[in-house]
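Colleague: Single-letter residue listing:
Number of protein chains: 2
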Amino acid sequence: MSELRKDPVIGRWVIIASERGKRPTDFATATPKGKPGSCPFCEGNETMTPPEIYAVRSHDTLANTPGWKVRVVPNKFPALRVEGSVDREGVGMFDKMSGIGAHEILIETPMHDDFLQNRSNEGIMLLLDTYQKRMVDLKRDIRLHYIIIFKNEGERAGASLSHSHSQIIATPIVPKRVREEVDGSLEYFGYKMRCVFCDIIREEKRFGSRIVYESASFISLCPFASRFPFEIWLLPKRHMSDYSLMTQQESVELSECLLITMKRLAVALGEPQYNWMLHTEPNTAVPRNPWPDIRDHYHWHFEIIPKLTRVAGFEWGTGFYINPTPPEDAAAFLREVEG
Amino acid sequence: MSELRKDPVIGRWVIIASERGKRPTDFATATPKGKPGSCPFCEGNETMTPPEIYAVRSHDTLANTPGWKVRVVPNKFPALRVEGSVDREGVGMFDKMSGIGAHEILIETPMHDDFLQNRSNEGIMLLLDTYQKRMVDLKRDIRLHYIIIFKNEGERAGASLSHSHSQIIATPIVPKRVREEVDGSLEYFGYKMRCVFCDIIREEKRFGSRIVYESASFISLCPFASRFPFEIWLLPKRHMSDYSLMTQQESVELSECLLITMKRLAVALGEPQYNWMLHTEPNTAVPRNPWPDIRDHYHWHFEIIPKLTRVAGFEWGTGFYINPTPPEDAAAFLREVEG
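Those protein sequence lines, which keep their order, are chains A and B. Residue 73 in this note's numbering is what sits at position 73 of the first sequence, and the numbering runs on without skipping anything. Residue 97 in this note's numbering is what sits at position 97 of the second sequence, and the numbering runs on without skipping anything.
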């Protein structure tokens, strides 16, 4: 079973996934990419994955058989597991806790080479809707303090299978980066009585130069202090702290904004590998929720990072990033693309 | 000229290096690796770099000619420059400042394929001594709040030239990750009146299981909450906040501990690519130094990270790491290696 360990200097938690137990020689082996036929995520190969947790499928089909459009299964090699209790323990001066949580794979499409940017609006909506459903379900478990949904596209972005999929990890603590963002938004709200993300949207609309795409309800932009070339944030214009507060109509508009943004990125940069992460509010149902007013000060959004540069010693040593492409230039390139 | 920009939510600064001004097509080109003959870091090619800032060379040779052992030159495409003043400016709700600083390349050896793990103790000492000299010199400039020295070995680790080199970047602010570490050590000192790193060394000696190598004055270990497989910290046993406080005798011992540690890593993992970062105290000579008692609570050290896994959406989205190799296992593998 995995365990969580806390760095005694800066308080960062890490997951020590002993089950994956990699030995020195395990790192040399090439990444399996999966081919149609042998790919566990392809339609027809449902028995190659653990039994499904959720699926969008025709009413006349059985679970774990073909006929689905989106399918959610537990990760075969999970970093965290649902079974067990949250045990906290000191080991000398160090702190650890049991690796309780969830680790699910969301198979986005039954077809092997059906990349996101080539799908229809409806295909994207199905994905975004599944994100919402799994998030709502996982939040019922009040041991789970945070649910992160993310997508690794391509080997450089950390994907071990090429068939399009997203991942859902639920953690028994609020991760450091999320905590910083929520605390930062609370501090800003304390000064100004306004949401910092709403203010960013207002400023970006005034400047115009960093906007990638804008619709009635959503906006995608290259943020002022982008860490990476062509980094993009996608935000709802309406103030909403949680992804699950999005209406059905907004979900339709989000799929359109996301699809256009990803198509532009694919065209401008030649289908780059990328990560995206959905940043939403922590589970407010947990005991002693530290952010009682989070609906006022936090604002959910997507962060999209194309893998164009290497993160090196400078970034690891300092948490400071060197970005060789000003976000104004990146946004201009992306706006020029038809789509 | 580069500029520094601050993220309005979490306060992270980034360097927008407009001079490097990468366009979408620039990312597709393969990384130049440099070959003997055309490599600007090789002996005989001194005119291919900007003029040297510092070198260890025979007394009968001229600057920028052959005959050196270690050579420091300005980066040809610097992220930050020394010229100019530190201008701070608001742009609407956003904050930026001018990209003042320094960016130097430390060429570790005149020979192209002379990898660190194959060098002599004396070769390593020369390198470590040059780190000290450049750091002391750069700290005289009180516009520079932090000096980070790091090494990217291999393309996956972010190196664009294969000839062994380290980099020195001096920044006009203390980077977020460093600030967290210094603040963390101050908080611990406030509770316990002890240095957290000294306590870590004591605990690790008591456990024994995470130690890689130990000499009279230095220790290398896989930290309790390692983010990455085979992550290693190397610390002086004597409490010292700053790298420049190290004595000549300690420098000899450090080169031995570092060399043995790196040899073991090279043997156990088949010469992996890696980053290392020297974490030392911020420049205390700056105006309004926020850590007047830093000599009590901070403790310099190296962090060494082999590039074995990919950092993916989960890590970027949360600042939370999944490490598939428990540090106790990693240290055991490294202890088993002869060297």
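Quick caveat, the hints were computed from the structure, so don't treat them as lab data. Among these hints, one or two may not hold up.
Which copy is meant is left open, so a pair is good if it fits within one copy or across any two.
Stated by the list, open to error - Once the Cα atoms are required to be at most 27 angstroms apart in a straight line, the calculated DSSO-like pairs of lysine-lysine come out as:
no., residue 1, residue 2
1, K69, K263
2, K6, K237
3, K263, K96
4, K69, K96
5, K176, K96
6, K263, K22
7, K22, K133
Colleague: So which of the earlier hints does this model not fit?
Modeller: Failing hints, ascending: 3, 4 and 7.
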